[in-house]
Amino acid sequence: MRNLLIFIVGAAALITLPHFLSFSQQEILVFLTINILLVSSYRLLTLTGEWSLGHVVIMGVGAYASALFSKELGLYVPVSILLGGIVAALLAVLLSFPLFRMKGFYFLIGSFAAGEIIRLLWKRFRDPFGGAKGIKGIDPMPDFSIGIYDFDFFEPISYYYLSAMIVAACLWILWRIERSPVGLTFHAVHWQDKLAEASGVNLRAYRTLAFAISSGFAGIAGALLAHYIGTINPNSFDVEVMVFVLTWAIVGGTGTFYGPILGCIVLTVLNEIVLRELGFEQMRPLIYGAIMILSILFMPKGLESVVQRIISRRAKT
Amino acid sequence: MLSKIAKTGLTRRTFLRSTAAATAVGALPRASLAADKVIKIGFLAPLTGAVAAWGKPGLDGCEIWAERVNAAGGVKLADGNYMVEFVAYDNEYDPAKARTGATKLIREDGVSFIMMLGGDTWPGVQPVADKTGMLFSTLLPSDLSPDTTTLIAPTEVHPVYVVTGVEWLAENKPELKTAVMCAQDDALGLPSVATYLAAFEAAGIEMLDEPLLFDPATTDFAPVVTRLISGNPDIVCLDTCYSDYVHPIAEQLFQQGFKGQIISATADFYDQMIAKTSEEFMEGFIFNFPDFDDPALNSDQINFDDPNGFFAEYNEKFPGQWGAVSWEYASIMDLWKAAAEKAGSAEPDAVITAMKDGKGKHAFGDADWWGKDLFGIDNALVGDWPVVAIESGKATIKEFRNMPAWYDKHGDLLIKHMKAYDQMWDQRS
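Here the protein sequences come in this chain order: U and F.
As numbered in numbering that gives the first Met the number 0, residues 0 to 316 make up the first sequence, in order.
As numbered in numbering that gives the first Met the number 0, residues 0 to 428 make up the second sequence, in order.
Hints in this document: simulated from the structure, not taken from any laboratory.
Accuracy of the hints is not assured; some may be wrong.
[Claimed, not checked] Beyond 12 Å from chain U on every Cβ pair, some chain F residues (computed):
#, residue
1, K36
2, V68
3, N80
4, Q183
5, P247
6, Q251
7, Q255
8, K258
9, A274
10, D292
11, D293
12, D304
13, E312
14, K355
15, E390
16, R400
[Unchecked claim] Facing chain U, a subset of chain F residues (Cβ under 10 Å, in silico):
#, residue
17, L46
18, M82
19, P94
20, L104
21, P145
22, D146
23, A186
24, G188
25, A202
26, E205
27, Y420
These numbers come from a predicted model, not from an experiment.
C-beta: ideal position from N, C-alpha, C; glycine also.
Using the sequences plus the hints, can you model the full thing?
Written out as structure tokens, the structure reads:
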């Protein structure tokens, strides 16, 4: 009953939220929603103990694939988005063969190299990837009506509702995976790899599975982004963007499901809304960096540790 | 019900009307503004990051422009005088942030005109421009296409102006016979590569190698330069590299003992380059963006108001910050102001109609609206452009050269190379 109540209140809050925001904040909300899926999918990979520097490029694979499916093959955009996720997952499976011959730091560097190769391929092959300029004029999500609401996907509110529904569904799947025996095995692969292996767990297969699943959802995030802004280029998925994803995960904490989401929300609101509104337009990178350093110094376990402290304090009282 | 609210403003006119009304309501509490009528102008460019050098100095120049214009009574429209206020949004050279910024500037700030750097960011903004009918400007005409009817390139016709430097070199230093080129592999670098190739071919200068395209994430330019000068070229062309690349490349050329000619579209903060290399090394460096204290800018053909005074004021307020774009956005504002005053209105439709009525008052002289061949639309203002050389540590205008005249002679070469790099408007995906 309590959970149902929380769900209803949460859903109502998410539905009404954009109506309290300005137009530009609604735009930021759309990107924030997509980035929540990106960072949550990244966390699934980190469950196995591997940190990748290619996750944003994989997101780009989904974006490029979906854009090309809709633009070149004329596929219906929702189908393209789904296929974008599948292509990203399949590519991850392919990449896993060389990458999972490495572990830890070596995997990190290997994933960066793999990502850069993919980005260079996008630049090198102007047909079909558009080269350095990327792809423009990507088909938007077709407008439709459900009677009580007309979805016009130029408007950020409409796209927010669409992306929120898709992201919510994806997060639920990610949550279920983490709570399933497969998810528990991911944890075992990270923390007790020798024991897990001795128990018959195929470490490499589970790492590949986590990599493919997380890549699939990152691909969906990329496809959602592509069909909203209508353009993508290799620079949209460079290592600078990856640093943001890492920052969200580190500042939020990766111990809990909500940690990276919290990091993503807090840092995006801080960077895109608070600092801009306060007039620190050009000093944002400096202030953002300082806040990051301070949070790592004083909150080494991330923002999630603050939430956990509050919850445990309440439980005691 | 909700859908009806969300649908509001879907046509251009109703959209602009509702936006203006919303802005007016939002502005009500600010009684101080009531006395002076204000026109807001959007500045949507990178103010942070690697491309900030082509945004921030332009905003600084605009602030000086606004102070001067406001002190002189503002913009004179049919219903009175308006003070000008700039509203800036840092798009970080990211199309998604550019879209957010355009939305904010139009729907929240109620701007009448938006200036952009363009490039990678324009495709993110284009749907907003199409939907709202807002007038935008870009410094990069390669953003233009037949669909971009509300986008103008009224100051910098990048990269066509780079031909002037090559043409001048060929005439004044005929002993230079061979060249090599490097550029970042992006939307800014590639059309420039194609244009330089056409200019070198037209000038009879042989390219020793294919242009060396490097990734924009490159930070170590030693191997790039080593490969570049391995064939002992007479000329090293730095294309339209960002200043973050021009500086280390020049430094590497100096350290690796290059003694030949350097040509580049820009040489922002060239004093720093001289400090990192030497005055002798930088002597004769050719580029296309003058300091505005140059006496050549006091000639009658120049339409930029008081360039020497503008330069002095800029350097007083922002010492060491003068760059290629410091005057460009201000120059666009000159054109916009003249057009708005001619139309008697700041409405985008009226302004663009007035602006394109006859010759345009480009900063470097009267110019024509041009571009159908290259961009599919005559929305670029093209005329004379200066060739600048560093002499005794100071940028000096050597000559003004006419771009349409070059194009009339060698346009086929430009189109050939543009096509080879998929840079014609009908080739852009």
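Results of checking the hints against the structure:
Listed as a non-interface residue, F:K36 keeps its Cβ farther than 12 Å from every Cβ of chain U; the least gap is roughly 24 Å. Every beta carbon of chain U lies more than 12 Å from that of F:V68, the smallest distance being close to 23 Å; the non-interface claim holds. Against the 12 Å criterion, F:N80 stays outside the reach of chain U, whose nearest CB is about 28 Å from its own CB. Not every CB of chain U lies more than 12 Å from the CB of F:Q183, the least distance being 8 Å, so the non-interface label is violated.
With a least beta-carbon separation of about 18 Å from chain U, F:P247 lies farther than 12 Å from that chain, consistent with its non-interface assignment. No Cβ of chain U comes within 12 Å of the Cβ of F:Q251; the nearest lies about 22 Å off, and the non-interface call holds. Every C-beta of chain U lies more than 12 Å from that of F:Q255, the closest at about 26 Å, which supports listing it as non-interface. With a minimum CB-CB distance of about 32 Å to chain U, F:K258 clears the 12 Å threshold, and the non-interface call stands.
F:A274, annotated as away from the interface, keeps every beta carbon of chain U farther than 12 Å; the closest lies near 24 Å. Distance check on F:D292: its Cβ is at least 26 Å (rounded) from any Cβ of chain U, clearing the 12 Å threshold; non-interface status holds. The non-interface label for F:D293 is consistent with chain U: the shortest C-beta to C-beta separation is roughly 29 Å, beyond 12 Å. Distance check for F:D304 against chain U: the nearest CB is about 27 Å away, which clears 12 Å, and the non-interface claim stands.
Remark: the non-interface label on F:E312 is consistent with the geometry, its nearest Cβ contact in chain U lying 21 Å away (cut-off 12 Å). Separation of F:K355 from chain U is adequate, the least Cβ-Cβ distance of about 25 Å exceeding the 12 Å criterion. The claim that F:E390 lies off the interface holds: its Cβ sits roughly 34 Å from the closest Cβ of chain U, which is beyond the 12 Å cut-off. The Cβ of F:R400 lies farther than 12 Å from every Cβ of chain U, with a closest approach of about 28 Å, so its non-interface assignment holds.
Contact between F:L46 and chain U, as hinted, is supported at the beta carbon level, the nearest pair being about 5 Å apart and thus within 10 Å. Because the closest C-beta pair between F:M82 and chain U is about 20 Å apart, greater than 10 Å, the hint is violated. For the restraint placing F:P94 at the interface with chain U, the shortest Cβ-Cβ distance is roughly 5 Å, inside the 10 Å limit, so the hint holds. Hint status for F:L104 relative to chain U: holds, with the closest Cβ pair at about 9 Å, below 10 Å.
The restraint placing F:P145 at the interface with chain U is violated, with a minimum CB-CB distance near 13 Å, outside the 10 Å limit. For the restraint placing F:D146 at the interface with chain U, the shortest Cβ-Cβ distance is roughly 9 Å, inside the 10 Å limit, so the hint holds. The criterion of a C-beta within 10 Å of any C-beta in chain U is met by F:A186, whose closest approach is roughly 5 Å, and the hint holds. With 10 Å as the threshold, the beta carbon of F:G188 comes within range of chain U, its nearest partner Cβ sitting at about 7 Å, so the hint holds.
Look at F:A202: its Cβ only gets to about 26 Å from chain U, farther than 10 Å, so that hint breaks. Here the hint on F:E205 is broken, as its CB sits about 26 Å from the closest CB of chain U, past 10 Å. Hint on F:Y420 holds. Least Cβ distance to chain U is approximately 8 Å, under the 10 Å limit.
When the structure is compared with the earlier hints, violations turn up for hints 4, 18, 21, 25, 26 and for no others.
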